[in-house]
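> Same order as they appear, the protein sequences are chains A and B.
Quick note on my numbering: the first sequence kicks off at 1025 and runs consecutively.
Quick note on my numbering: the second sequence kicks off at 732 and runs consecutively.
Honestly, the hints are just simulated from the structure, not real lab data.
Any given hint could be a false lead.
Quick partial rundown of chain A residues pointing at chain B, CB under 8 Å, derived from the structure [claimed, not checked]:
id, residue
1, 1137
2, 1175
3, 1526
C-beta: ideal position from N, C-alpha, C; glycine also.
The chain contents come next:
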Amino acid sequence: MTTLAWDDALWGLAALSADPEGLRGIWLKCPLGPVMQEWLNWLSVLKSNTSKLPANVDTERLLGGLDLALTLQMGQAIRQKGVLAQSDGRLLICPMAERLPQLTTSILAQVLDSKEVNSHFGHETQKAKFGLVAIDESAPNEDSISSALAEQLSMWLDLSLINPNVSASDETLDMLERVEKKLQLSDRHFSEKISMFSLDDSHVHEICELAQGFGIDSMRAPFFAIRLATVFALLRDSLIIEAEDLGRAARLVLTPRATTMPQMESAPTGENSSATDPKNDQNAEPPQAVEPPQLPQGEMSAQEDEQDPPHGQDPSTPTESEIKAMETSILEAALATLPAGLLNQLASGQSLSKKGAGGRVGELQRGGKKGRPLPAIKGLPQNGNRLHILSTLRHAAPRQRIRDQDPYAKPHAPTHQRGSDRRLKIWSEDFHIQRFAKRSESCIIFCIDASGSAALERLAEAKGAVELLLKDSYARRDHICVISFRDKAAQIQLPATRSLVRAKRQLQALPGGGGTPLASALKLALDTAIQARQHGMSPTLVILSDGRANVTLQGEGSRPIAKAQALSWAKQWRETHIKGIWLDTSARPEPVAQEIAIAMGANYVPLPLANGQKMAKAIESIQSHRP
Amino acid sequence: MSIPFPFSAIVGQHDMKLAIQIVAVDSTVNGILALGDRGTGKSTAVRALADLLPPIKVVKNCPYGCEPKSQVASCEQCASLKAGSTASQTETRPVPVVDLPLGASEDRVIGALDLEKALSLGIKAFSPGLLAKANRGFLYIDEVNLLEDHLVDLLIDVAASGENVVEREGLSVRHPARFVLVGSGNPEEGELRPQLLDRFGLCVEVKTPQELEERILVIKRRDAFEKNPEHFQKEWLAANEALRDKILKARKRLDKVIISDDFLRLCSKLCMALGTDGLRAELTLMRATRAYAALEGDKAVEAKHLKVIAPMALCHRLRRDPLDDTGSSARVSRAMEELAI
Chain A
1025 MTTLAWDDAL
1035 WGLAALSADP
1045 EGLRGIWLKC
1055 PLGPVMQEWL
1065 NWLSVLKSNT
1075 SKLPANVDTE
1085 RLLGGLDLAL
1095 TLQMGQAIRQ
1105 KGVLAQSDGR
1115 LLICPMAERL
1125 PQLTTSILAQ
1135 VLDSKEVNSH
1145 FGHETQKAKF
1155 GLVAIDESAP
1165 NEDSISSALA
1175 EQLSMWLDLS
1185 LINPNVSASD
1195 ETLDMLERVE
1205 KKLQLSDRHF
1215 SEKISMFSLD
1225 DSHVHEICEL
1235 AQGFGIDSMR
1245 APFFAIRLAT
1255 VFALLRDSLI
1265 IEAEDLGRAA
1275 RLVLTPRATT
1285 MPQMESAPTG
1295 ENSSATDPKN
1305 DQNAEPPQAV
1315 EPPQLPQGEM
1325 SAQEDEQDPP
1335 HGQDPSTPTE
1345 SEIKAMETSI
1355 LEAALATLPA
1365 GLLNQLASGQ
1375 SLSKKGAGGR
1385 VGELQRGGKK
1395 GRPLPAIKGL
1405 PQNGNRLHIL
1415 STLRHAAPRQ
1425 RIRDQDPYAK
1435 PHAPTHQRGS
1445 DRRLKIWSED
1455 FHIQRFAKRS
1465 ESCIIFCIDA
1475 SGSAALERLA
1485 EAKGAVELLL
1495 KDSYARRDHI
1505 CVISFRDKAA
1515 QIQLPATRSL
1525 VRAKRQLQAL
1535 PGGGGTPLAS
1545 ALKLALDTAI
1555 QARQHGMSPT
1565 LVILSDGRAN
1575 VTLQGEGSRP
1585 IAKAQALSWA
1595 KQWRETHIKG
1605 IWLDTSARPE
1615 PVAQEIAIAM
1625 GANYVPLPLA
1635 NGQKMAKAIE
1645 SIQSHRP
Chain B
732 MSIPFPFSAI
742 VGQHDMKLAI
752 QIVAVDSTVN
762 GILALGDRGT
772 GKSTAVRALA
782 DLLPPIKVVK
792 NCPYGCEPKS
802 QVASCEQCAS
812 LKAGSTASQT
822 ETRPVPVVDL
832 PLGASEDRVI
842 GALDLEKALS
852 LGIKAFSPGL
862 LAKANRGFLY
872 IDEVNLLEDH
882 LVDLLIDVAA
892 SGENVVEREG
902 LSVRHPARFV
912 LVGSGNPEEG
922 ELRPQLLDRF
932 GLCVEVKTPQ
942 ELEERILVIK
952 RRDAFEKNPE
962 HFQKEWLAAN
972 EALRDKILKA
982 RKRLDKVIIS
992 DDFLRLCSKL
1002 CMALGTDGLR
1012 AELTLMRATR
1022 AYAALEGDKA
1032 VEAKHLKVIA
1042 PMALCHRLRR
1052 DPLDDTGSSA
1062 RVSRAMEELA
1072 I
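Isolated chain A (complex conformation) (with noise of 0.2 Å):
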């Protein structure tokens, strides 16, 4: 995008450098390429002492505990120091965040929040203030990283925006070069000054104001967002916030995790989201010239000037209005680096963080060897099976003695020499073995067609079939989804879930009425399916709809380009072999719905008469055919 992002990255990152403990970490959204490359140079350049953290590290690592290798060596129990509690004061990168599994994801997050590491064994607390760098590289469609622990991480950065040419600003690169030389002179020469550092009542109002307006409820953004504008501030050698500072901490912790459009004192959100085309083309141009983040460009200030003269006319005390300003400006700043098409989202009261941010990040299904740990079990490690350490040597530990006495098993060897020979004496009949439980939990996709050839009432059918599967779905350890497809395409009016307090609020405003856009539908679902099944779920499809396709992939209305796409998808449905099945919800039988459920290699029910019950009936009768 334009240099001020850059320019924001840059300085969010010598932020971090300086102050890993307070800040705690970023979430670079950002694909591999040259941006990330640039960006994670110069935080080599300031911050030398980073580590890596694997996306499979293994608990025991993670927290610490036995030395095993050792442990063996010496015959006595060495402990070890974990990642986390390694990299104490340091920084922490980690790519590939958005594949981490729950386990790790939330382990990060309970030690960035308590600052603490509890050793996997024994009980001793040690310190752990880390900065976790955590680098997503998810495509927009995919997950991206856990919610839990992007909450704990100060900085929301996306840089996937950013032109690869784009260069920093003489303003930053000195202040890089200054900070580099600090953090080379002392570690904790930051952190000693912010303890000292006094802030300002008026700036903490104004952030605050600004993160209710923003419809941030966590508290956690707008304590990080001063703490950062008190870093920028201490990064320009200064001790006092500037509006600048205040600006650029807003874009980096608040502006991202907005969920609505802020009212502003006289343009309401109506007059904003009719303005916001013309800012399209604005935002996406970069400023003409490079200039500090001071003046946000474009139709911000130009509708800035309007409010002008009302507020002129208006009598109130001076600091009232300054505050006022002060406030606007901030939010212009804040939304300077916004990409158009989420403004418009944020104007049209569609949240922009709570999207996507499920964070349930799964591995591929791999047969048994793979999810949730079971207690292992005794066995040889063949035939792929790993060998479970820590239980092998739970079960040789107390057979030690008995083993040094043993005449058969080592007839030569000294018994009671301890110094000589300490090494432990594992037998084949110790061995244990990893076990894995299969997870089972199932996704029933539903697809319902909305539009105004499936009557209305069929929709409160469809309704009433997905909230009573949801009644039960927690005893099955179903999760349910919901994509509804009308007018011009179809669209996930509920990601996997098993939330009855979402799935009931989602369904109520499920709208209805339009064309029928059937093949994107059945595209939407088959990512969907695929998606669920990379999360280990096994899914299963339930359209409902007569199947009269007249809308095209392009959203223009043909019926016959739009069934031929429609059976092409259909066809693709196919090749994954999941199950599905077609729900008719046509007055008679319609042939072009059998035709396409056919393609898919669905189960056609013919259902003119469905109600809620007799759906719910029909769905768990295919499920529980199981192949």
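Fit chain B to the known structure of chain A by using the hints.
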């Protein structure tokens, strides 16, 4: 251990703070479930407990923190000490507040064979887990709704019996594990198993303060705390001690609070009107109102206490009907209105 944020410096959150005080007065109320978004200060409030409550007396070096004078519920080691009629030495420890990490292994939670002793001495010994550590204190589970099923089963059992029984790896150990279960989570991310839900005595909803002034206060205090925890703790020492006194006095008064039959009838009527399952609701209601009355310094429990406690104690016990949209707290208050409480 790092310094926790002082309990009395927490802004707002009246329900949560009250619930915590109630379980601190009467631990038989058995647990708090705090529901709400992240960053609303649930963890802060729970972690502050260790600092707030007075330290407990325990048998010296007892890994389970057994009570020196109690006749029942002590571990094997202390039981044999007592049988030997030698006066056991005591020491004081802060009230344990144990954080159960979401992905904790079963070994870690219930305890396992002590590898160090096994390897170096060849002795089969038990290395106590988190449940042992939480004995007589609090067990805090963040995101309890995402907890693995096998751990949930385990907790349900231990929370009910107050005893952890380990029969595995050749070990046969039983030790007391009486703790107050404190869970937090966001209901939007997954529901709790009804069996576990029922184990929590009180359920409170935690929200971010909606007043700007309160929010500013939160940030300012947090900032002051992060910058200089020691100093901040000293500043709030007096307030924390006053609160501690209040809890201690309430504990003493607890037995003297009068519960009339009329009041119990009222409780039962309320529970019947709401159709709660089992008698646990009535029991919790009675205990929690008694603790609340003791905290307030009242001599007898009255309807005014019930009015405050009923939503906390009953909300999560109502049968859920996904097709009914009325919030559970609304149903509780409606039932109370009908009974003219």
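> So, for every hint listed, does it hold in this structure?
Cross-check of the supplied hints:
1. 1137: holds, 6 Å
2. 1175: holds, 4 Å
3. 1526: With a minimum Cβ separation of about 5 Å from chain B (threshold 8 Å), the hint on residue 1526 of chain A holds.
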